[in-house]
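Visitor: The lines below spell out each chain.
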Amino acid sequence: MLPIRFRRLAAAAAIAVVGVGALAACGNGGDDEASAGPVKLRFLSLAWQKESLQANKDLVAKWNSEHPDIQVEYVQGDWNSVHDQLLTSFEGGDAPDIVHYEASSIGEFSKQGYLADLKDLIPADLKGQIDQGVWDTVTFDGQVTGVPFLLESQVVIANKKLLDAAGVTVPPADGGWTWDEFQANAQKLTKSGQYGVAWALKSPTNRVLNLALNYDGKFFYSDGGKTEVKIGDAEKEIPKRIHDMLYTSKTASPEALGMSGADTLPGFFGGKYAMLPGSVSLRQQMVEQAPKDFEWVTLPPVKGLSANQAANPQTLSVSADSKHKEQAAQFLSYFLNPTNMATLAKGDWLVPTGKQANEELVKLTEGKQGWDVAANSAADLTVAPFQQADGYPEWKTKYATPALQQYFANKITLDQLASQLVDGGKQVLR
Amino acid sequence: MLGKPSRTGRTLQYLALAAYLIFLGFPLVWLLSTAFKPPRELVQLHPTLIPSNPTVQNFVQAFTEQELGRAAWNSLQVSLASAVLTVLVAMPASYALARFKSKLGTLALGWVLLSQLFPFVLLIIPIFLVLRQAGLANSHAGLVLIYVVWALPFALWMLQGFVRNIPRELEEAASVDGASRLQTLRRVVFPLLAPGLVATALFSFISAWNEFFFALVLIKTPELQTLPVALARFVGIEGTARLGPLAAGALLATLPSLIFFAFMQRRLSSGSLAGAVKG
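From first to last, the protein sequence lines stand for chains A and B.
Here full-length UniProt numbering is used: position 252 in the first sequence is 252, and no number is missing along the way.
Here full-length UniProt numbering is used: position 181 in the second sequence is 181, and no number is missing along the way.
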């Protein structure tokens, strides 16, 4: 007869085995694909606006009904955690076949070899639809690892009644104000209890670096394989102008500094701010949330030496581990044909990268609700050096954002800002 | 010796208590208010607590767009299974840790505490690979396994404190009366451990119910995703959010925890031991 202690041990082991077996039985048996049947692709989408979600789901459903041999599973992701989700999936060898993300973030994955080179997989007509400057944002070490499809330009949303009352004329869609004109008009719109502008600068770095291209401010300079941060007059121009509006002319509200774009809407609708510099996608909130009698207008991007802004397009990539890259590329070509791209852009209130899609969208919307301005702004969007710099995300989080926040809070000088940005660059750039 | 509080003192006590209750309850009340507001009322310069034009549209959107009902059902299954399994494992283990003093026990307790030092991000990829090998990567079973393992260190630490508070004399008395060790455990120790078990179950349930990161990374199939992952989809780029549907979904997400807590909290009451041992 077995000793009692041994019997207990054996019983415990048996329970453990049964428990694990039961757990395994609860599982769905992993995710092995059947060898026969249609090709299955997983598509991780980050669409989150109501119309955009519907457009994405509808297009996938349409593809699936028209292509029984290539079935796409729509998987919903979210912007805030997609980086961790993808990193784990790539490391674990279980990444989605098709990934929705943005140009400035896929560089890291591209350099680690997680994304497929799409150069030879994308049809020529799709290539020709998109400007080379935009393709450059998704080209890393000669490999094209994403198809850019939605652009976000910085425009100005304004309260039409306040503009009229101050005698400020709305410029045409293709003729934006210069920075001097913008600042002068902000002055006209400033009076007791009302600021001309609300700069929502909770996350100031991307915005400043995007707009810096107006004055050819590059921030990141490469020489002989080494990248460094340099701050000259061109880089200082945009921060200085915003700072002047806050503390010299006092035409910009200091309370908006800690806000995100959407946080400024109550004040904008309440008449506290006359103009909101922000993304073209802010128009969606105008349509959905503005009071019924509120009149708003979209003003074209403000110009410096040029109206150039950094393009950080949303992208669709194919995982390097995908067993069905060609089929995934076929889906991308369908998903991003001019009509579908226009539908997706409309759903997200963003600008399509494709020329024909842009034209279709303006025709579809008759240029109303700022679509004419949005379409025109696409031509000025191009790659910026920071988008290609290794270490930019770390520089942005650890150094640039705190330094810019301090500068805009008037706690440090412009020269101190410059030196903090340069020092930060030395710490993180390789 | 403390005297009876004065009328003023008592009033101040109640005022402080009321202020504390408002502090605790206000976010929930504001969430309730937001969930019933139409989009235009969410961006008023002077927001009101009571919606002027209450709507259930936010709930409709939350349920139709992100299938919150299914996600909530998934969360409920995973959380209940995690709570039950954690209690089942922690109960005997904590008794052994508290009652049988040995170097191994001290080491085990130290290891349990040490395991809490590892951050999620360090563990997630190895865990993912192990679960994938076991065929549990994209399943609720895998998630439950992780949640149980994740909750166990704290549960063990907490429960063994409860075990220590049970006087040994009670077990000795049962033994003198002829009870075997198993009978002593079943009829004396475990009933007295009920508040601890309830606290452990609550902790484990709420941890699993709220957990986001493991659920995000381990579950790929949309039909299996849990509530926190579904709720995150109402938040867009750089913190912009669809406040109405998010509030509606978040409100629903708090309900099961509240109900579970209300149901279990009666069992949390201490005092079962009052007068159990004289002297």
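Some clues are possibly wrong.
Residues from chain B that face chain A, not an exhaustive set, calculated with beta carbons under 10 Å [unchecked claim]:
| # | residue |
| --- | --- |
| 1 | GLY9 |
| 2 | THR11 |
| 3 | LEU42 |
| 4 | ARG132 |
| 5 | LYS220 |
| 6 | VAL235 |
These are calculated hints, taken from the structure and not from any lab test.
Note that the Cβ used here is the ideal one computed from N, Cα and C, for glycine as well.
Visitor: Confirm or reject each hint.
Guide: Evaluation of the provided hints:
1. Interface hint at GLY9 of chain B: violated, since its Cβ lies 41 Å from the closest Cβ of chain A, which is beyond the 10 Å cut-off.
2. About 38 Å separates the beta-carbon of THR11 of chain B from the nearest beta-carbon of chain A, more than 10 Å, and the hint is not met.
3. Given the 10 Å rule on beta carbons, the hint for LEU42 of chain B holds: about 7 Å separates it from the nearest Cβ of chain A.
4. Using the Cβ-Cβ criterion of 10 Å, the hint placing ARG132 of chain B at the interface with chain A is satisfied: the shortest such distance is roughly 6 Å.
5. The beta carbon of LYS220 of chain B comes within 7 Å of a beta carbon in chain A, closer than 10 Å, and the hint placing it at the interface holds.
6. Taken as an interface hint, VAL235 of chain B checks out: its beta carbon lies about 6 Å from the nearest beta carbon of chain A, inside 10 Å.
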